[in-house]
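Engineer: Chain residues, written in single-letter form:
Protein chains: 2
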Amino acid sequence: MALIVQKYGGTSVGSLDRIRNVASRIKRLRDEGNQVVAVVSAMGGVTNKLIAMANELNDEPAEREMDVLLSTGEQQSIALVTMALHELGVEAASVTGRQAGIRTTGSHTRGKIDAIDPTMMQGFLDEGKVIICAGFQGLREDGMIHTLGRGGSDLTAIAVASALKADVCQVLTDVDGVYTCDPRIVKDARKMPEVSYDEMLEMASSGTKVMQSRSVEFAKKYGVIFEVRSSLNDNPGTIVTEEHDNMESVVIRGVSIERSQARLTITGIPDEPGKSAAMLSCLAKAEINIDMIISNIAHDGLARHSVTMHSNDLGKAQAALKPIISKLGNTAGIETEAGIAKLSCVGIGMRSHSGVAAKMFEALGAAGINIGMITTSEIKIAVTVDETDIEDAARIVHAAFDLDKEPTK
Amino acid sequence: MALIVQKYGGTSVGSLDRIRNVASRIKRLRDEGNQVVAVVSAMGGVTNKLIAMANELNDEPAEREMDVLLSTGEQQSIALVTMALHELGVEAASVTGRQAGIRTTGSHTRGKIDAIDPTMMQGFLDEGKVIICAGFQGLREDGMIHTLGRGGSDLTAIAVASALKADVCQVLTDVDGVYTCDPRIVKDARKMPEVSYDEMLEMASSGTKVMQSRSVEFAKKYGVIFEVRSSLNDNPGTIVTEEHDNMESVVIRGVSIERSQARLTITGIPDEPGKSAAMLSCLAKAEINIDMIISNIAHDGLARHSVTMHSNDLGKAQAALKPIISKLGNTAGIETEAGIAKLSCVGIGMRSHSGVAAKMFEALGAAGINIGMITTSEIKIAVTVDETDIEDAARIVHAAFDLDKEPTK
Chain G
1 MALIVQKYGG TSVGSLDRIR NVASRIKRLR DEGNQVVAVV SAMGGVTNKL
51 IAMANELNDE PAEREMDVLL STGEQQSIAL VTMALHELGV EAASVTGRQA
101 GIRTTGSHTR GKIDAIDPTM MQGFLDEGKV IICAGFQGLR EDGMIHTLGR
151 GGSDLTAIAV ASALKADVCQ VLTDVDGVYT CDPRIVKDAR KMPEVSYDEM
201 LEMASSGTKV MQSRSVEFAK KYGVIFEVRS SLNDNPGTIV TEEHDNMESV
251 VIRGVSIERS QARLTITGIP DEPGKSAAML SCLAKAEINI DMIISNIAHD
301 GLARHSVTMH SNDLGKAQAA LKPIISKLGN TAGIETEAGI AKLSCVGIGM
351 RSHSGVAAKM FEALGAAGIN IGMITTSEIK IAVTVDETDI EDAARIVHAA
401 FDLDKEPTK
Chain D
1 MALIVQKYGG TSVGSLDRIR NVASRIKRLR DEGNQVVAVV SAMGGVTNKL
51 IAMANELNDE PAEREMDVLL STGEQQSIAL VTMALHELGV EAASVTGRQA
101 GIRTTGSHTR GKIDAIDPTM MQGFLDEGKV IICAGFQGLR EDGMIHTLGR
151 GGSDLTAIAV ASALKADVCQ VLTDVDGVYT CDPRIVKDAR KMPEVSYDEM
201 LEMASSGTKV MQSRSVEFAK KYGVIFEVRS SLNDNPGTIV TEEHDNMESV
251 VIRGVSIERS QARLTITGIP DEPGKSAAML SCLAKAEINI DMIISNIAHD
301 GLARHSVTMH SNDLGKAQAA LKPIISKLGN TAGIETEAGI AKLSCVGIGM
351 RSHSGVAAKM FEALGAAGIN IGMITTSEIK IAVTVDETDI EDAARIVHAA
401 FDLDKEPTK
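Protein sequences appear in the order of chains G and D. For what it's worth, UniProt numbering labels the leading residue of the first sequence as 1, then goes sequentially. For what it's worth, UniProt numbering labels the leading residue of the second sequence as 1, then goes sequentially.
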């Protein structure tokens with residue numbers, strides 16, 4: 001008998017029929033003799049409808065009240081899924097975030113899970129019940145209802161799996177698993193049977209939006225092995241786990257792309273300490289997420305700082321930096337470039353293999369694709385290319401590293 | 001500065017526009033220097049929609065899960081009303097039943113308020129905030145979400161007023177107050193400025209459905225004086241309070257009617273102890289609410305037991321009693337009569353005035369209206385009449401006691 005924690009997203013419980021389907025899937029696991037805890041999100045569309053009502057009443061609804069409002073979405077789902085299980089004759093009980101003992105810290109709408117007191121859940125498991133647990137929410141020490149922000153239900157599932165020492169944690173989504181590249185772009189992309197936490201993290205931050213980084217980070221921190229798989233079929237998915245020796249033989253695990261990127265460069269900066277920091281903190285204050293950061297010195301001895309961001313943020317960034325530019329003196333200026341995209345190669349095998357970057361650049365060069373900025377981490381090489389080239393670039397790099405073929409171990 | 005507790009029902013918060021209207025009303029009280037706690041119900045229609053979803057998934061949804069599901073309705077309202085107040089610049093915070101410290105006992109969907117720990121509410125009041133409190137819900141000692149059943153939000157308001165020692169408790173509804181009779185039937189019915197708890201209780205159980213009896217009982221027990229008034233205008237309503245000497249000068253406070261009643265009589269019962277109890281417990285087991293109970297002995301020495309109930313329950317009652325009848329021997333039988341209605345005269349002045357029943361019966365008799373069953377309490381006389389006669393009967397009795405005129409003190 002295994003203890004299985006599953007997470008079903010908003011699409012999976014998006015209608016009463018889908019809720020019945022989720023109940024049937026859970027019943028099957030139960031009938032096979034497993035203990036099951038299913039973490040569920042709000043029914044698809046419910047959260048957006050609540051947000052729309054809030055925005056109609058108030059331009060900037062208070063975050064505390066948003067938590068009170070939005071947490072009702074999951075509370076409705078858990079009751080409905082539990083009722084559907086009862087209809088199938090399965091003993092089950094729902095638990096809200098509070099009842100699941102999920103204790104949180106941090107500011108409203110962006111809660112962090114601090115601890116889990118699984119007393120009530122353990123009691124229900126001991127009574128032989130399936131548990132349907134509300135994702136995305138917890139209780140703050142001061143008694144306030146607290147939501148966990150984007151991807152919060154994944155985080156709940158991983159935290160619950162950790163607290164209950166589950167044997168299996170499955171994150172059920174509308175994709176089959178994690179692929180070597182987006183199969184809509186690269187036809188022969190393969191589903192990876194296994195990927196390390198670090199690779200998953202690099203891919204999450206490089207455009208492979210299967211999960212939010214912080215859920216993966218949480219899983220890594222607490223050693224929760226989880227599987228990303230489809231809620232629509234029974235195919236095995238992708239297991240996300242700690243890295244092990246076999247993994248290193250694969251140089252590149254996958255290729256991620258991120259579109260709609262833009263570059264902003266401040267040119268002609270006197271090369272003095274603190275100038276770069278001023279620029280970055282100015283962008284941070286304007287709440288602009290920057291991705292790549294590159295600094296170098298031009299032939300005239302003046303520095304250039306380049307950053308990339310989502311192209312939607314470019315105007316805001318330019319406006320935010322204007323006051324700084326004028327203080328930098330008359331050599332300084334801003335260059336911007338929209339319409340670029342980012343291509344990332346990720347693999348922990350890079351650490352022990354050389355020549356990866358060269359191979360990647362050669363392949364792109366041979367195809368006449370021009371590379372803009374380059375950044376690297378220990379297990380990632382990322383480049384920017386013209387957005388019009390990004391799909392070709394993905395196919396070329398995918399082929400260059402033979403990602404369509406099963407890796408040899 | 002007064003502390004005012006208000007209760008707004010589902011109609012009053014039934015749309016975003018109405019929520020804005022409630023917020024404006026609260027702001028006005030606040031601007032006048034009052035502290036305000038508003039207890040709100042779920043937006044009109046929300047609860048029924050949730051019940052429909054539950055019933056589609058399960059013929060008999062578990063009551064525990066119904067509590068989890070339905071309590072989200074009020075949780076949404078409190079957040080939305082609070083956001084609307086913020087938009088008007090009023091400092092406000094929402095509290096769920098749990099956060100309001102409402103501790104309950106009893107079985108799911110039928111919670112009773114056991115105690116209130118107003119710590120969080122007191123904290124918000126001390127910070128100068130208006131509080132928007134979820135009606136209809138509380139937290140059971142075992143950590144379960146608990147709803148209070150029909151009329152639960154009224155009960156919440158009265159309990160909160162008691163716990164916070166409020167100066168004023170206003171139950172805002174879609175009627176202007178409590179009338180001497182239903183103004184749709186008796187055109188010159190008057191709104192009563194004041195009514196005693198006991199009169200209100202007798203009227204609630206006699207068809208004047210302004211409030212559930214148990215809220216009035218709770219108010220009586222804890223001495224909470226409250227006012228029933230309209231949420232649509234600023235007219236003074238009806239104050240429900242402990243009786244005082246002035247009240248006794250009014251013999252009849254009001255006339256209530258209840259339609260769609262039915263009589264069921266078991267005839268030919270050997271006059272032995274326990275027969276009546278067997279009949280009543282049999283009906284109770286079938287969950288049939290009976291109203292009037294009359295027993296007498298016929299000229300043949302056999303007993304007759306008559307009860308009244310809602311006519312919808314008549315078939316169920318007959319079926320439930322069948323096994324008993326056959327055990328009573330061959331003299332026994334069942335008589336039924338549907339299409340009757342009940343007329344009640346209520347007033348604490350009856351205790352010190354004689355001739356009330358005579359006056360009532362004479363007036364009805366003079367109009368040719370036949371009286372069926374009669375029951376009395378210390379402050380009520382109730383009769384059944386043909387349902388076709390009930391409106392005439394109400395007008396006649398209302399006029400006989402001069403209820404259209406201001407009482408002389």
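No lab work stands behind these hints: they were computed from the structure. Treat the hints with caution; some may be incorrect.
The list treats identical chains as interchangeable, and a pair is accepted whether it falls inside one copy or across any two copies.
[Stated by the list, open to error] Only pairs whose alpha carbons sit at most 30 Å apart, straight line, appear in this in silico DSS-like list of lysine-lysine:
id, residue 1, residue 2
1, Lys322, Lys27
2, Lys220, Lys49
3, Lys49, Lys316
4, Lys209, Lys285
5, Lys285, Lys187
6, Lys405, Lys359
7, Lys129, Lys112
8, Lys209, Lys187
9, Lys129, Lys49
Bear in mind that the values here come from a model prediction, so they are computed numbers and not experimental data.
Engineer: Hints first: check each against the structure and report whether it holds.
Structural biologist: Tested hints:
| no. | hint | result |
| --- | --- | --- |
| 1 | Lys322 with Lys27 | neither (60 Å within a copy, 42 Å between copies) |
| 2 | Lys220 with Lys49 | neither (34 Å within a copy, 42 Å between copies) |
| 3 | Lys49 with Lys316 | within (28 Å within a copy, 43 Å between copies) |
| 4 | Lys209 with Lys285 | within (25 Å within a copy, 58 Å between copies) |
| 5 | Lys285 with Lys187 | neither (41 Å within a copy, 67 Å between copies) |
| 6 | Lys405 with Lys359 | within (17 Å within a copy, 100 Å between copies) |
| 7 | Lys129 with Lys112 | both (28 Å within a copy, 27 Å between copies) |
| 8 | Lys209 with Lys187 | within (18 Å within a copy, 68 Å between copies) |
| 9 | Lys129 with Lys49 | between (32 Å within a copy, 28 Å between copies) |
Hint violations for this structure: numbers 1, 2, 5, all remaining hints satisfied.
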